[in-house]
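Position 36, counted from 1, in the sequence shown is what the UniProt record's numbering calls 36; the numbers after and before it change by one each time, with no gaps.
It should be emphasised that the hints constitute simulated quantities derived from the structure, not laboratory data.
Among the hints, a few may not be true.
Simulated DEER-style distance windows between Cβ atoms [to be verified]:
no. : residue 1 : residue 2 : range
1   : Val47     : Ala2      : 35 to 41 Å
2   : Gln74     : Thr46     : 38 to 44 Å
3   : Val68     : Leu21     : 32 to 38 Å
4   : Met1      : Phe55     : 33 to 39 Å
5   : Ala75     : Phe55     : 26 to 32 Å
6   : Val47     : Leu21     : 33 to 39 Å
7   : Ser77     : Asp53     : 32 to 38 Å
8   : Asn51     : Ile7      : 30 to 36 Å
9   : His23     : Tyr76     : 23 to 29 Å
10  : Tyr76     : Thr46     : 28 to 34 Å
All residues carry an ideal CB built from backbone N, CA and C; glycine is no exception.
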Amino acid sequence: MALALQIILVAASIIMTILVLLHKGKGGGLSSLFGGGMQSNLAGSTVVEKNLDRFTIITAMIWIVCIVGLNLLQAYS
Numbered sequence: 001m002a003l004a005l006q007i008i009l010v011a012a013s014i015i016m017t018i019l020v021l022l023h024k025g026k027g028g029g030l031s032s033l034f035g036g037g038m039q040s041n042l043a044g045s046t047v048v049e050k051n052l053d054r055f056t057i058i059t060a061m062i063w064i065v066c067i068v069g070l071n072l073l074q075a076y077s
């Protein structure tokens, strides 16, 4: 059980890092490399940005659940 949570935690950490880097920041971020820069300047918040926000939040929730689960397993074993 702990091994599965550790694997999920590492995968969620890598995915969350990638998703955060894809977000548009003040300077454009890495999302401008993939064609998001032009449309983001024309429209305030695109569907892609909203979906990216959702995926980032879901991944962060999975990450937090894994950390809490690993802590509980360590405390009660």
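These are the hints, each one checked on the structure:
1. Val47 to Ala2: 35 to 41 Å: Because 38 Å falls inside the window, the suggested range holds.
2. Gln74 to Thr46: 38 to 44 Å: holds (42 Å)
3. Val68 to Leu21: 32 to 38 Å: Since Val68 and Leu21 have Cβ atoms about 25 Å apart, the given range 32 to 38 Å is violated.
4. Met1 to Phe55: 33 to 39 Å: 26 Å Cβ-Cβ, so the 33 to 39 Å window is violated.
5. Ala75 to Phe55: 26 to 32 Å: holds (31 Å)
6. Val47 to Leu21: 33 to 39 Å: violated (20 Å)
7. Ser77 to Asp53: 32 to 38 Å: Taking Cβ atoms as reference, Ser77 and Asp53 lie about 36 Å apart, which means the hint holds.
8. Asn51 to Ile7: 30 to 36 Å: Since Asn51 and Ile7 have Cβ atoms about 25 Å apart, the given range 30 to 36 Å is violated.
9. His23 to Tyr76: 23 to 29 Å: Because 37 Å falls outside the window, the suggested range is violated.
10. Tyr76 to Thr46: 28 to 34 Å: violated (45 Å)
Checked against the numbered hints above, the structure violates hints 3, 4, 6, 8, 9 and 10; every other hint is satisfied.
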